[in-house]
Amino acid sequence: MAVFQHDVLIIGAGLAGMRAGLAAQAEGVDVAIISKVHPVRSHSNAAQGGINAAVDVDDTWEDHAYDTVKGSDYLGDQDAIEVLCSEAGGEVITMEHMGVIFHRDETGHLGSRAFGGQQRARTYFVGDITGQALLHVMYEQLIKHGLRIYEEWFVLDLIVEDGMSKGAVAMDIRTGQVHVIAAKTVIVATGGAGRVYEPSTNALICTGDGIAQAYRAGALCMDMEMVQFHPTTLKGSGVLITEGARGEGAYLLNGAGERFMEKYAPNMMELASRDVVSRAEQTEINEGRGVDGCVFLDMRHLGMDVIRERLWQIREIGIDFAGVDIVTDPIPILPGMHYIMGGIKTDVWGRTNIPGLYAAGETACVSVHGANRLGANSLLDTIVFGKRSGMDAAVRVRTENITLPSDDRYAQAAEKKLAAILAKPMTEDRIAHVRMEMGRTMNTKVQVFRQEDEIKSALDDIKALKKRYETVGVESKGKVFNTDLLFNVELGYMLDVAEMVCVSAIERKESRGAHTRLDFPTRDDANWLHHITCSYSASGPQLGKAPVTITQWEPEERKY
Amino acid sequence: MQVNLKVRRYDPETPETEPSYRNYSVEMPENATVLDTLIEVREYHDGTLSLRCSCRSAICGSCAMRINGKARLACKTQVGSLVKDGGEIVVEPAGNLPVIKDLVVDMAPFWSKVRAVDPWLKTDGPPPEREYVVPNESMAALGEVMNCIMCGACVSDCTVLEVDQSFLGPAALAKAFRFVGDPRDDAQNGRLRAYSQPSGMWDCTRCNYCVEVCPKDVKPMEQIMKLRSEAVHAGIKNNNGSRHTLSFVDLVDTNGRLDEFRLPVFTEGKFNLIGQLSYLPSAPRMLRAGKMPPIFPHKIPGVKHVKRIFKYFEQNRTKAGEGSLH
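Going line by line, the protein sequences match chains C and D. So the first sequence is residues 834 to 1393, counted in our numbering. So the second sequence is residues 57 to 382, counted in our numbering.
Treat the hints as calculated values from the structure; they're not laboratory data. The structure presented is a predicted model; accordingly, all values stated were derived computationally and were not measured. Beta carbons are placed, not taken as given, at the ideal position from N, Cα and C, and that holds for glycine. Check the hints yourself; a few may be wrong.
Cβ-to-Cβ under 8 angstroms is the rule here; a few derived chain C residues that face chain D [to be verified]:
id: 1; residue: 835
id: 2; residue: 871
id: 3; residue: 942
id: 4; residue: 1082
id: 5; residue: 1142
id: 6; residue: 1307
id: 7; residue: 1311
id: 8; residue: 1314
id: 9; residue: 1316
All chains, please: the whole structure from these sequences, using the hints.
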């Protein structure tokens, strides 16, 4: 067991993590990034549609901010949203300078497309592979600047000593060796927790590791009930079809061939904000106007040229994963779990309530997305707050005197825990059984439309699953690439996140953004215009409140 | 439907460290992919099976492996497209890379080659205040290489890498073209010079395997051909590959057919006696097999018609924009 030391340790090599790394390194401090997968395998690569910014001469960041505030159903913190939108333009230009091959208009300048919940087109894109394009360019920059990366290392625990974040304990997946990586600051950028639901658009690696670890270490989590269901996902696999399709003009049709969004959002139609569209679709399906539990996304009228240039990946997805060619047929879709607006509570510099512990990207909750995230604001979030976390972490390193742990006792403790897991006998009950039941429970009882008795039942299910989790064994006992052991550890993280989602969803007795309570169907600003927080206790998440910061935009009725 | 997998297993920690095959038979839905099946195996039947996978939707590049002998993404390969009626599917780790365990290969050689092409935009001078202004066509021209997800399927099945591990390989070279072809990059000449070195762009044998196996239609070999074209047009001709290409064209232009005696001579360089002498050991074998090319070139009757074809393309070269991206 070795002990490594760095100034800034970043957990997660997705867009937020890598952007933070570059920013911290530019400030002259020693940076290391740790990731359980190679950087380009991070889930940022699955984002398709684009990144928002007020770059056009006749666009203003205030307009973007208003769209975002309204999109958040007024739960977003407006100071944070102002930061997000005012820095967006500069960041997108920086990405272009780094080499991103953005789409161009006829004059050779950056070209945009329309996207959900926004009154004008300001989404900059690379075909329908924007996330992949940005992630790969970020990785190129990582190589260019020689950033140190612990690749395929799995973080087991955060180290908090003297009330400060001082690094992490991690396993080198290739050897099974456990080491301490001590650091003066830690930035958690481990992404979301999509696999808590089954199905989900998310990759298998999205298991809420950082959220759970920070929560257990004493960090406050916030808005955990706010889970986004993306309107256009494939049945069964949950694979994503970008909102960009609707941005290019695709229609949503029910079983009778009607553009049903007319009834729910007559102005913005298919480009209303995601929660509005998902609710509309689910209503159509529940009321018998769907087909086989789905409605349809119709792109036939867009034509081959548009599809070839801007939606090629989703044509491949349609053919490979649904057996449908979008050029000739509408594709069946339904709302699917996609993103978690909630996460580790941070301020506008990525700081959590634990000194030295930062969070950025989907893992964090600043909150810029409030109760519902606009499409193409997540890529922006990762870059803006990734950069700011990196910068502030560097400032802390330069200004604070921090002594780092130098022995390996944290590694020994982690090894003991792993040994205990490996020592459990194999049972009929496997990790996969527990995980599937968790996923199905969440997807049935804490979905688009929620009510108290169902969510409470889900919470009971989760508690029972946590007990079962104590006894499931691990079949593989090896040291090299023991993914079986890691799945067991990840399941523990997911159950913690699921518990927080349920507890928070029961607590919020109103409907706001993506959280729709059939028993409390209206928005109730008088009683609920605040964030719900969770903090760790042995008996489960303890609830708290945090105020919503309002600067320019007073809450009003939200119609699309 | 029942799916029968034969999976290559290797455990570096067990005493009998020879790789072996294990059979798994699982019940899967009709539209299952190979990845769905492997996941089913590791979750419910054999938790010791290790493989890399993440997105399940052909965008992360983790699950490249050899399926029935050909490199593919497991998540994109429908079982039904491979076998009917429970036939066996052979699953092996990707080729040309060391195996760590089971289907997990060591990608370090892959990444070190990607790093070797300096894969970042190089610009002279400060950037503009806003974006670089570039026509959409030039960004769209990089569309194929932009699709690359670095999965390694091309590297797995590259026939040059099978015999020469020093070859930069299709993924790194396709990535290299992404910069050579970008009008914002100012380092084209240096890049082309570097990639024209031995083990670079000229070592591709044009077998087309990388084009066939790429799950994202990147066509790595085509990008390598574009690199070659750019290099020759940039005047970087002092290498065997370039000389081979140019003298091939010249000899056909002159004789109406390939002069196979002079081709290797010119490839090595007219004054490179040592290089030319390296062919000498083949001479007796070729004579015995009746394969020695004529020492005096034969011009074909009608060679003037061949010359007309060459002249036509000379004159129309700039119109077609062939080879020139700037």
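Hey, does the residue 1311/C contact hint survive, CB to chain D under 8 angstroms?
-> For residue 1311/C, the interface hint holds, since the closest Cβ of chain D sits about 5 angstroms away, which is under 8 angstroms.
Restraint satisfaction for residue 1082/C [CB to CB of chain D, less than 8 angstroms] = 19 angstroms, violated
Hint validity - residue 835/C Cβ closer than 8 angstroms to any chain D Cβ | This interface hint is violated because 20 angstroms lies over the 8 angstroms limit.
May I ask you to test the interface hint for residue 942/C with respect to chain D, counting a Cβ-Cβ separation under 8 angstroms as satisfied?
-> Holds: closest Cβ of chain D sits about 6 angstroms from residue 942/C, inside 8 angstroms.
Is the shortest C-beta separation between residue 1142/C and chain D less than 8 angstroms?
-> At about 7 angstroms, which falls below the 8 angstroms cut-off, the nearest Cβ of chain D leaves the hint on residue 1142/C intact, so it holds.
Would the stated hint for residue 871/C survive a check requiring a Cβ distance to chain D of less than 8 angstroms?
-> Status holds, d = 7 angstroms.
Closer than 8 angstroms between Cβ atoms is the bar; does residue 1307/C clear it against chain D? Give me holds or violated.
-> 7 angstroms, holds
Under the criterion of a CB-CB separation shorter than 8 angstroms, is residue 1314/C in contact with chain D as hinted?
-> 5 angstroms, holds
Holds or violated: residue 1316/C as interface residue toward chain D, Cβ cutoff 8 angstroms?
-> Hint on residue 1316/C: holds, closest Cβ of chain D at ~5 angstroms, below 8 angstroms.
Hint compliance for this structure: hints 1, 4 are broken, all remaining hints hold.
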